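**Q** For reference, the chains in residue letters:
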Amino acid sequence: MTASSALVLPEELAQPGRRARRRLRSPVIWLSFVIMAGVLVMAIFGALLAPQNPATQHLAIVTAPPSGAHWLGTDALGRDVFSRVIAGARTAFFGPLVIAAASFLLGNLLGLFAGYRGGLADSLIMRWVDFMWSLPALVILVVVAGTVGSSYWLAVAVLIVLTVPFDTRVIRGATLEQMPRPYVEAAKTLGVPRWKIMLFHVWPNVSPVAVANTCLVFAGSLVTLAGLEFLGLGLPPGTPDWGLMLSQNEALLFTNPLATIAPGVMIVLTAIAMNLIGDWLYEQLTSRGAVR
Amino acid sequence: MLPNSKRAFSRFASLSAAGALLIGGALAACSTSNNSGSSASGTISNFTVGFDPAVSTLNYAKSNIGYQLGGLALEPLLIAEKSGKLVPWLAQSWKQTSPTTYVYNIRHGVKFSDGDTLTATDVAFSLNYYRSTGSLDAYNFPTTLKSITATGPETVTVTLTQPDAAWAVVPAGDNLGIFEKKFFEAHKSTFGQPGTGVMGTGPWVITNFNGTTGATLKANPHYWRGTVPIKKVSAQFFSSETSEALAFRDGEIDLAFPIDNKAFASTAGVSLTSVPSYAVQGGFFMNVLQKPWNNVHVRLAVAYALDRTALIAAWGGYADPVYQFLTAGLLENIGSPAQVASVLKTVPTYHYNLAKAKAEMAASPYPHGVNATISVESAGSYPNVSQAIEAELGAIGIHLKLDVMTADAQTANLTAADRQGILANFTYNGAVSRDPGEAFEFCMGSSNISAGNWNVMNWAPASMDKLIAEGFATTNNAARLKIYGQIDTAYAQAAPFIPLFNEDATMALASGYKWPEFNGYYYDLGPWLLGVSKS
Amino acid sequence: MTGRGMLVFILRRLVVLAVLLVAISFVTFSLLYISPGNLIDILLGARPHTAATVRALTREYHLNKPFLEQYWLWARQAVQLRFGTSIQTSLSVTSEITARLPLTLFLGIYSFILTMVFGIGLGVASALGRGNVVDRGITGAVMLGLSTPAFVAAVALLYVFAIRVRWFPAYGVGSGFFNELWHLTLPALALAVTTVAYVVRHTRAAMIGTLDQDYVVFARARGLSRSRVLFVYLLRNALIPVITISGVILSSLIVGVVLVEVAFSLPGLGSLLVTAATSKDLPVLQGVVLLFAVVIVVANLLADVIYMVVDPRIRVGERSS
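Chains as they are written, first to last, in my numbering: chain C, 1 to 292; chain E, 293 to 827; chain D, 828 to 1148.
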């Protein structure tokens, strides 16, 4: 299972009862956007923002606890943990971004097609989706790394393949809901080409689901990629990456626990923020009446 | 061989042919009194030792990981003392009857733990099994070895094709423990494996062996040297040093041999016992068949760019810097400190000097920098030191890519038939002998540039082969010292290997116990755990 | 549904299962060939490359035969649970797996029980108190749980409960049932964090849906006891959706097992898989992957069948999505 799919309940997305909670969560949503904006800025500017060069080793002050010079202390090679946490946003952000974007594109096309066409095409696509749906993504990534070799972007590519079915499934469901609507019938009767109906008539109505879903895919991919890095099967050692830092600094839990805790907190914060934004987006977009 | 013998490193663990030299207090006492068990310190009902990584089999022909554990149950024919002198163990006596013949008399009355008597057949069978084709133990035997045969119930005769001084120390290898032929034949396909184990003459018997969690051993009632003081030994396997340290902290294990010393000490809350060792030398190996290392300026630039103080910090301390291939500590085994100092005076050394390093790079074909890949073992402090090296070489324009792999995968790369594909790396070499000629011979000379052998630098000009041979041709220590000084000079000038630091031998021992004679060679002393007693 | 319809359904599913297994085994076998580098060198690992060892390997893996025949011979062995020998340890892959299987099973089942008990319990509590403090607390915790990967949970639990307050051991597997239970509590909790959150969310949604159903309202109106309504009418219907997510739970547990075993240094199948991947020990990789695949495929079939049995509303052939 892609971790993303564990985060989402397509059935639940369609439950109006959840809208009641929206108001309660608005400060939380606000905070989520702040976190994501922060992560985005860190991902783009990375080392430029960091107070110190995240790669510089100060071997005289290894595993130092937090201090004025090193807010989160140093790791086993005397590198500034705070700077590395900032620099680590890059791999945490861009990989999931690429995955979310690619699977958005492919998943929407496949989902629209399956939902609109129905019949054999739908059934074949859904069989494939069902199969992929049950695959544990991280295990696949581990096997690929063990067979072909460790590589971050290879993992990203594999995750795209594993995530597309998830988008497909959600979009197909939403498309199926749209199919009996009068506007679809009307367009068909008017002889609008099929691809136009799909892209310009149906898709705008399912897009809220698609956009919300993409946030959830982003959060799921972030968590899965970090897991792979944690296992040491993605990036080379020394790369500032939250998952990698978590495993490499596990030995420092007694000397400078923050070196391990900080990247873990960042992973969770970013994932929560993205999940909340996804939920919120869905509620916003659907309450405006775009869907149903 | 290496102090941290728990490391699964074949090249160190298994290259201990000449073996060990300091006999532990308990052992020394028993070789005279033959009565180790009734020592004043009393018996120990249960003693737990941590191992990392797990031992998957005690069949030495199939894995190099198990010697340390196996050494408690399987004993060698001989043991080598500090002076290099061989002392009898399972062989009561031996003599060289002709330049190519050695006859070993097996000790009378030694019993396997099942009560059967040790015979010459068992000895010949074990050694021949270890040297059979495909055995990972085979390279302990010189190519001059012709046959090992049982020529009497208690006599084993070894025949060589030509005189070879190297044979004498082979039977003292800790990785050539003698096992029972009958037991082997009853468990041919599973010999040494979890569930089956091995049958030896050692002080402990393996009663339970699980390849993932650990093993239990009990005192051998038939032990030939008397009552065994530690009644039960539990071996616990760990897959990470952090968990081993936590176990030590909680009193679950009594003895551990850390690699990442500093992290272990802080996690376990213990001060480690550490003794300097000349046996284990960490350094940076460069394959001279491979770009960019094939250029001597690049290698010299590396020599100047590596800062030993910083690298020792990255290692986690517990190490002393070294500047020669054959170190002073090693050379002092055949000469006085003053003699050694005078020989080493003319050997060039490279201290950290960024300006000189940059000047060498400027003189190389890569004045604007170059990319290279090094292999990194995934365990312990290797990734840390390799990253520190990456940063230091990056400063002079050598941009390293770190290829992280397990110890076994790295061994495969380092000893591959494809010599050009051997990646440069930071690792350490274990001396196989206190004799400076023998010590690192396994990774020198053209004869070791071949599949399965350890000249990973692939550097061996004819002059080096000549020096190696000359070193063995004479017994005059002054002359040998001079030759080894020349070897040091040759290595320093060509710089295929940058000696960085000697790692100390370290252990964590729970309070209430003592191991007075612990040293970097404990591993070769047959049943090494006999050295531990109540304090 | 009729018994006959059920039989046809199960048979059809079995055929799909067989096809899936063949496909998975084929891909798994092909891993040997996908791997870059010389196959002989890969399989030899650290063993010496001599004519004799190469011959032995060629025989063992039938490397001189055509690809499909190699696959066939390999698959026949795999069916008998023989996957060759580990490159790293020289032990048979089967013995490597069986040595670690009990731990992983123990951990998985322990976690599964935690997932069900806490997941359904908290889900029901949350649904019954819809909108109150408890519900909001649980809902927030669910969001946290869904966003916390098992390895972060593992390190956090390790730090808090094994290092700061030393309530649980931080290492090892223990011996004897209760000792093992105690040792594996933190790993099982770390493993259950995500799955509990998932089950809570599902149970809550299903319960809320059921609470508004007419038959529940009638049951209450008839004066049936609160607990009877809860257990007979509500829970039974609310549990059905939980079965549909069992595949997701299983997948999540398998992924979690890999991460948690590595984080806690436990010698189970998950850490075996990672070690095999790090050392390119392909025979072990193949064995573990096939085992996981069979578990997932069979469990999904079982879930479908159970779903059929417990939910009479479902008719065969109507579950295409």
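By construction, these hints were calculated from the structure, which means they are not laboratory data. Please read these numbers as outputs of a predicted model, since none were measured by experiment. By construction, the Cβ of each residue, glycine as well, lies at the ideal position given by its N, Cα and C atoms. Don't take each hint at face value.
As the list claims (entries may be wrong) - Part of the chain E face toward chain C, derived, beta carbon under 7 Å:
#1 Ala605
#2 Ala680
#3 Ala687
#4 Gly689
#5 Met799
#6 Leu801
**Q** Hints first: check each against the structure and report whether it holds.
**A** Hints, verified against the model:
1. Ala605: 4 Å, holds
2. Ala680: 6 Å, holds
3. Ala687: 11 Å, violated
4. Gly689: 16 Å, violated
5. Met799: 18 Å, violated
6. Leu801: 20 Å, violated
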